[in-house]
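Visitor: Sequence:
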Amino acid sequence: MKQAVKFLYISHDPISVWFRYGLILFDIATIVFFVATAHIPHGPGITATSIGVGVLILMDFSARLWISKDRWKLLRQIYTLADIVVIVSLFLDPFLTGNLAFLRILRALRLIHSYHLLRDLRRDSSFFRTHEDAVIAAINLLVFVFATSTAVLVFFVPEDTQTPYIDALYFTMATLTTTGFGDITLSTPGGKLFSVFIMVVGVALFVRLAQAIFMPQKVRYKCPSCGLFRHDPDAVHCKHCGATLRIATGGAS
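Numbering-wise, the numbering used here comes out as the position in the sequence shown, counting from 1, plus 907.
Don't read these hints as lab results, they were simulated from the structure.
Check before you lean on any hint, since a few could be wrong.
[To be verified] Simulated crosslink set (DSS-like; lysine-lysine; CA at most 25 angstroms straight-line):
(1) 976 to 1129
(2) 909 to 976
(3) 1146 to 1099
(4) 1129 to 1146
(5) 913 to 980
(6) 1099 to 1125
(7) 980 to 909
[Stated by the list, open to error] Simulated DEER-style distance windows between Cβ atoms:
(8) 984 to 1106: 24 to 34 angstroms
(9) 995 to 1070: 44 to 54 angstroms
(10) 947 to 1144: 27 to 37 angstroms
(11) 1143 to 947: 50 to 60 angstroms
(12) 1080 to 1100: 33 to 43 angstroms
All residues carry an ideal CB built from backbone N, CA and C; glycine is no exception.
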């Protein structure tokens, strides 16, 4: 049984790869569900669905923990801790008033860093290999926007607002880009501090994305001599030790 689970989670077989892509699609579906239900009353239907999603995430979490070589290391990773918080919030759904619902958006942290997705994308997608830094930076920025928008939605947007999530997203983007229209503001001390957090972290993520897009792209290839892991796409020698590199390229078209 354990070998079968390992096969699905870490094998290079096409079935295993598609299984891991399916898990990512499941993550995306749960994020959409969390965002859509963050600001509406949780009746029996939504509560039952939340618990069902919690069971599936718990099964996935248990499987990864079961096959892990170093379970304590896995439990200390930020993505694992985020999953634990999400699972707990889902099982406590019948007892929550909504104030902790935004924690479920932490599931988005696994979108690009989960399982062996990076390895699969590097092998299967030439676009990802060429633009890996930009793709990861863009996803990190999107995760931040979704997470902060959901927190604004739960804590600061009035329940009688006609378009609550749009207002929360609009405020987040206006604050993050330091546009400062001022038509939607958080007037409480907690709201002001949260706005400062969005500005500081958001601008840093924007700068990281701009660097990834406009700075020369690097490829991942471990130097056989010194171990340097990032090189120019057309590099013939390692910049650190001068060893000859054999980076696979597509050649001239």
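Visitor: For each hint, tell me whether it holds in the structure or not.
Guide: To see whether the hints hold, each was checked on the structure:
1. 976 to 1129: Holds, because 24 angstroms separates the two Cα atoms, which is no more than 25 angstroms.
2. 909 to 976: holds (12 angstroms)
3. 1146 to 1099: violated (47 angstroms)
4. 1129 to 1146: This hinted pair holds, its Cα atoms lying about 12 angstroms apart.
5. 913 to 980: Holds. Residue 913 to residue 980 sits at ~18 angstroms (cutoff 25 angstroms).
6. 1099 to 1125: Given pair residue 1099, residue 1125 is violated - Cα atoms ~39 angstroms apart, limit 25 angstroms.
7. 980 to 909: holds (20 angstroms)
8. 984 to 1106: 24 to 34 angstroms: holds (28 angstroms)
9. 995 to 1070: 44 to 54 angstroms: This hint is violated: roughly 30 angstroms between Cβ atoms.
10. 947 to 1144: 27 to 37 angstroms: With a Cβ separation near 59 angstroms, residue 947 and residue 1144 fall outside 27 to 37 angstroms, so the hint is violated.
11. 1143 to 947: 50 to 60 angstroms: holds (58 angstroms)
12. 1080 to 1100: 33 to 43 angstroms: Cβ of residue 1080 to Cβ of residue 1100: about 19 angstroms, so the range 33 to 43 angstroms is violated.
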